[in-house]
Amino acid sequence: MRQLKLLALIVLCGAAVPVAAQQRDDKALAKLEQARLANPSSVAANRSLGIWYYKQNRYAEARTALDAARRLDPKDGVSALYAGMAAEAMEDYTGAKDAYNSYLQVGKTRSVRNDISKRLVALSRKELHAAAKSAIANESRIAQQPGDVNQVAVMPMTFSGTDQTLAPLGRGMTDLLIGDLARSSQVQLLERDRIQAIVDELALSQAGKTDATSSVRAGKLVRAGRVVQGAITQTGSRNLTVNAAVMNVASSQQQGRDVTASDVLDQIFAMEKNIALGLFDQLGVRLSAADRTALEQRPTRSLQAFLAYSNGLVASDNGNYDDAAKFFDQARTIDPGFAQALQKAQSARAAQQGSAVTNAKVESGLKGGSEGAAVAATSTTGIGSTLANAVGDINPSAANNVNTSTGGSQGGAPPPTRDATGEKTGTDQPAAKTGTVTITIKRP
Amino acid sequence: MCLTRFALPVLLLAAASGSALAQGLGDVTLAAIPQYVSIKIGTGASAKTVSQFSMPLVAVVPIGSRFNIDVATAYANSDVSTNGKSASSINGLTDTQVRANWTLGNDAAVITIGVNVPTGQYKIPEGNAEAAGQIGNDFLIFPTSSYGSGLSTTGGLALARSLGTWNLGIAGSFRKSTAFDAFQAKNGSTLETLTFTPADEMRARVGIDRAIGDGRLSFGVTYSSFGSDQYLSHSYATGDRFIGQATLYVPVAGTDVYVSGWSLYRAKGEQLGGVSNPETVSDGSVALGLHVGNVLVEPSVEGRFWQVDGVKAGALGNFGGRLRFSTGSLTILPGFTYQIGKLYDTANSGVSTDVTGWRTSLMVRLK
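Those sequence lines, one after another, are chains A and B. The opening residue of the first sequence carries number 35 in my numbering; numbering runs sequentially from there. The opening residue of the second sequence carries number 34 in my numbering; numbering runs sequentially from there.
For reference, chain B alone in the conformation it holds in the complex (with noise of 0.2 Å):
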C-alpha cells in the first residue's frame, strides 16, 4: 500500500514528463522548488519551533495551443519541536494534484478540471497530529501545508473579456470531496481511525487588470463557500472565505517594481470542542527587481497581520531577497526570507510572544 501511494505521483510525473519527451521538451516545464523553514514561537526552554523541509514537484505539459496539464506533487518534513527536543513530527509525500485547462476562443474561456489523488499520509497517529496541524496555519504559511485531504475533483469555467482599458476576468469552481482516514487514535486499547470528511466547496473569484505603460496592475477577489466538515459522526458548519488581491508590476528607469496586497477573511465557523472565530490576515508587499548583468536581483519587504474576532493576534515582517539567472534550459531561483514578529494573546491584552523564523527556497526550473 505504502508502495502504491509512493508510486502513483511519481507514475503521474513520470507520465507528464514522458508526454513532455514525446512532444519535445521545448514546450514542457519540469520544477523542482526545495524550500526549508523554520519559524521558532516564544523564548527560552518553553520555546517551539515549527520547521518544515518540502520539495514540491511539478510538471506542466502543453498539448497543443488549447490544452495543458499539470502535475504536482511533494515531499515534505514537518517537525515540531520544544527546547530542542521533537515533540511530533510528520514526513512523506502529500497528495498529487492533476489538473487540466482546456482554452476555448481567443482566449475567451477555459474549462477546468483538477483531480486531488490521495498519495499523501493518512492515518496520522496522534503523536504525529500536531506536525501535521501546524503546518495549516494561514499566518505563518509553510509551503506544504496539508499531507492529504482525500479524493476529491473539482470543475471550473473562468471567463475573460476587455472592457475599456480594463479586462475583467469572472470565474466559479465546484469542488466535490470524499471521505478520508484522517487520524488514529487509541480508544483504551485498541486502535481506532478517524474518518474526516471535507465539506464539498464552492468557489468564484472576479478579477480586473489593466496595463500601465509595461506595467500591470490587477485586483481580484476570491470567495469560497463551505458545507459541513463531517468528523467523529458529527457535522461542523465552516466559515466562508474571502481573499482579496491587488498587485502592481511597473518598471521604473530599468527596475522592476512590485507592490502587492492580499487580504483573507474567515468568517465564523464551528470547530472540534466550540466556536472557530472569525480571524483575518493581511498581508503587503514591496519587492524591486534589479537587472545585475544575467542575475536578477529581487529584494523584498513584507508585512502581514492576524486579527482573531477582531482583537490582534499576530504581526510578522519579512525580509528576504531572491536572485533569479538562466543557465541553458534552467532557471535558477535561490531565495532567503528572515521573519520576526510577535504573537498576542487574543484573551489576554498585551500578553504576547516573539516569533523568529526564516526560510529558504531554490526553485529549479527546466522549461
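Only chain A is shown next, with the shape it has when bound in the complex (with noise of 0.2 Å):
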C-alpha cells in the first residue's frame, strides 16, 4: 500500500511538471511581450522576445521580432544569428544567408563565426534546390517571363554506354563546357550548380529524358534565353561521341545544327575543345584570338584526374560532401596542377563540416562569452542559468569552471568544498603554529 502511494505521489510529481511548465512558458511570453510594449524601441526587448519565440519554434514570430531588433541595432549579433536560424527553420535559406552573413560581419563570438561560415557552404545547395521547388510550383507564372536571350543554360549532359564508370564524364563535361564558354563576354552562363538543382527537381536526370522538351522547360525555369543540351555516348570499349545543340527557349525549336565531335576516350579534353567552338557558333558568338588563346587552357591533361573530379561533382550534387571531397583530393594526386580540383575539395569540405553544425552547437558556442550572456540574459527569463547557478552550488564539480562566464580574477570564487582533514588536523592554517599534540591510544 505504502508503495502504491509513492508511485501515486510520483507519477503525479511527473504529471505536474510538464503542467508547470506551460504556465511558465505563459507567464514568460507575457513578460516578454509587455517588455517589448513598455518599450519597443529596446533591442534587448525585441531580441529577447525573438529568441523566445524561436526556442517554442514559431519561427516566423522569432523572425519579426529578430528584425526588429536588427534594424535598431544592425550591429546585434546575436539578433542576426537567430534570425538566420529562424529563416532557415522555415527554409528561407536567402533570408537565412542574408542574416548569417550579418552575423559573420558583426558576431563577436569567432567559434560561432567559423560555424557559421561552414554552414553557410552547406546551405547553399539547400537554397539551390528550395529555388528551383519554388520555380517549379510557380512555373505557370515564370514561364511566361521570356528570359534573357543572352543568358545560357547548359544542362548536364546524359551518357549512355556499357562502361558506366565513364557515366559521371557527363557531369565534368558540363562543367567544363561552361567554364570555357563563359570565356566570352557575349553571353552569360548560368551556374552549373543552380540549372542541377532544377533538373534534380524535375527528375530528369534519372529518367534520362533530357529532350528538347524538357530542356526548354527547365531552361524556362532558370530565366535562360537559350539552353545547350548534350549527350555522351559510347561507341566501342574505348571510344566517345559528343553531341549537343542549343535550343532557343522562348520558340522551343532547335537554334542552328547539332555540333558533334567523335574520337578515342584520351581525346575527351579535344573533342570539348571541338565542341565549345561548335557551340560558339551556332551561339552567334564571334571570338576574338584573344578568346581562342584563353579556349586552349586545360584545367588538367590527365583523364583519370578528369574522371575522379567528375565523381566528385556527382557525390557533390548528391549532397554526399565527403564522398566529394575524397574524390576532389584523388583528382588532386593525380594531378597536382588541377587546381578547380583542390578549389572544390575545399568547397566540399566545409560543406561536409556545415552540415554538422547542428543549431545546439551554434547555441553551445555562444556559452561562456560575452553573446551567451546577453543570450541567458535576456532569452525567455534566463531560468537556465538560475538552475544552473543551483546545480553547481549544490553539487560542486571542476566542470563548473569550464563553461563559466568571462569576467571575475582567477581565484574569485569561494571554495566549493571543505578539505576536510585539513581542517580537522589544522594543517590548512598559513601562519605557522607551534604546540605539542598529545595522542592517546588506549590499550586494547
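None of these hints come from the bench; they were simulated from the model. By construction, the Cβ of each residue, glycine as well, lies at the ideal position given by its N, Cα and C atoms. Worth double-checking, as some hints may not be accurate.
Here's a subset of chain A near chain B, in silico, CB distances under 7 Å, partners left out [said to hold, decoys possible]:
1) Ser145
2) Ser168
3) Leu421
Can you join these two chains into the complex? Each is in its own frame, and there are hints to help.
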C-alpha cells in the first residue's frame, strides 16, 4: 500500500512538471511581450522575445521580433544569428544566408563565426533546391516571362554506354563547357549548381529525358534565353561521341545545327574544345584571338584526374560532401596542378563540416562569451542559468569552471568544498603554529 | 594499485570522451586548465612558500537535450618550502568527480547525482601532510584544495521558477561520505594508517536573479550542515558553513562589466587538540571585458579579507588580467594575477606577516 502511494505521488509529480512548465511559458511570453510593449525601441526586448519564440519553434514570430531588433541595431550579432536560424527552420534559405552574413560581419564569438561560415556553404545547396522547388511551383507564371537571350544554361549531359564508370563524365564535360563558354563576354552562363538543382527537382537526369521539351522547360524555370543540351555516347570500348545543340527557349526550337565530336576516350579534352567552338558558332558568338587562346587552356590533361573530378561533382550534387572531397582530393593527387579540384575539395569539405553544425552546437558555442551572456540574460527568463547556478553550488565539480562566463579574476569564487582533513588537523592554516599534540591510544 | 588509481580517472575521462566522439564532438566540451600558484608567507630566511602546479582535466558530455554527464580530475604538485628548501611536498592525481544532471520539464527542475571516486592520494606520509593541508586554506584558495576525500555520493534536486521579473532557484543536496585512509604515521617502529571519516553533509541553496538590460544580477546563499568527522576514534563536530554570493554582469558601451562578491562564514567547530574558531572570508572583485579585435581582454581587481573569531586575520589584494580568444573549436584563456597582502596574528594585535604571490593559468577548451 505504501509503495502504491509512493508510485501515485511520483506519477502526480511527473504530471505536474509539464503543466507547471506550460504555465511558466505563458507567463514568460506575457512578460516578454509586456517588456516590448513598454519599450518598442529596445533591442534587448525585441531580441529576447524573438529568441523566446525561436526556442518555442514559433519561427515566423521569432523572425518578426528579431528583424525588428536588427533594424534597431544592425550591429546586434545575436539577433542576426537567431534570425538566420529561424529563417533556415522556415526553409527561407536566402533570408537565412542574409542574416548569417550579417552575423559574420558583426558577431563577436569567433567559434560561432567559424561554424556559420561552414554552414553557409552547406546552405547553398539547400537554397538552390528550395529555389528550384519554388520555380516549379510557380512554373505557369515564370514560363510567361521570357529569359534574356544572352542568358545560357548548359544542361547536364547524359551518358549512354556499357561502361558505367564513365557516366560521371557527363557532369565533368558540362562543367568544362560552362567554363569555356563563359570565356566570352557575349553570353552569360548560368551556374552549373543552379541548373543541376532544377534538373534534380524535375528528375530529368534519373529518367534520362533530356529531350528538347524537357530542356526548354528547365530553361524557362531558370529564366534562360537559350539552353545547351547534349549527350555522350560510348561507341566501342574506348571511343566516345559527343553531341550538343542549342535550343531557343522562347520558340522551343533548335538554333542552328547539331555539334558533334567523335574520338577515342583519351582525346576527351580535345573533343570538349571542338564542341565548345561549335557551340560558340551556334550561339552566334564570334571569338577574338585572345578568347581563342584562352580557350586552349585545359584545367588538366589527365583523364583519370578528370574522371575522379567528375565523380566528385556527382557526389557533391547528391549532397555527399565527404565522398566528393575524397574524389576531388584523388583528382588533385593524380594531377597536382588541377587547381579546380583543390578549390572544389575545399568547398566540399566546408560543406561537409557545415552540414554537421547543428543549431545546438551554434547555441552552445555562444556560451561562456558576452553573446552567450546576452542570450542567457534575455532569452525567455534566464531560468536555465538560475538552475545551473543552483546545481553548481549544491553538487560542485571542477566542470563548473569550464562553462563559466567571462569576467571575475582567477580564484574569484568561494571554495566549493571544504578540505576536511586539513581542517581537522589544522594543517590548512597558513601561519606557523607551535604546540604539542598528545595522542593517547588506549590499550585494547 | 597505483596503476589502477591512475588508470581509473583516465578510463572515466576516456569513456566520457568516447561517448563524445560517438555523438559528434560538436555537443561536447573537453578542457584542460593548467595553473601554477606560488604564495610566499613572511620575509627573509624564515619565509614559507606554498606553491602548486595543478592540471584539472574536464569532460562535459550532453546526452540528448535533458541529460549530461561530466567527469573531472586533476594532477597536482604541491610544495611547501622554507628559505628556498622544500620542506614538504606531495604530487599525483586527485579524486575524480563524476556527475550526472537530468533536467525535467522546461528548465523546471534538475536532478543531480555525483560520485567522488577515490583516485587521489591516500595514506599520506607525515612528511607530506603539511603540503597536503596548506592547499586547503579557505583564504589563500589553491586550484586543487584536496588530494583525496574518500568515496562519497551526492544526490540533489534543484528547482527554479519565475516570480515577476525575478527568477527564484531553490536546491538541496545530501552527501554521504565513507571512511578512507588519510595518513600514515610512525608509532614507534610500526607504521600506522590513520583512518578519517568525513561527516555527511546537507546543503541547501536559495538564489534569485534577474535580467538588467542585456546583463544579469544574481544573489545566492548556500548553507551546509555537517555531522561529525571521525578521526583517530574520536568525533569532531564540524562548524556549519554559509556562503553568500552576489554577481552583476552588465555590458556598458561595448565593454562587459562584472562586479561580484562572496562571503564564507564557518561556524565554531572542533579540531584535533582543541576548538576550531569561527572564521569569515569575504571577497569582492571588479572585472572588465574589453573587446580588442577577436580577443577579449579582462583586467580585474579583487580584495579579500579574513577574520577568525571576529579578529582580523588576513587581507589580500589580487591584481590580474586574462585574455580570451578562439581558434577553430578551441577557446584559450591565459591569465596572470599578482597577489599582495598580510596575515595578522589573531592573538597578538599589531603583529603581521607579509604575503606575496602570483598565479597563472591557461584554460584550453575544446568545444
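Status of each hint after checking the structure:
{"no.": "1", "hint": "Ser145", "in the structure": "holds, 5 Å"}
{"no.": "2", "hint": "Ser168", "in the structure": "violated, 31 Å"}
{"no.": "3", "hint": "Leu421", "in the structure": "holds, 5 Å"}
Of the numbered hints listed earlier, the single one contradicted by the structure is hint 2.
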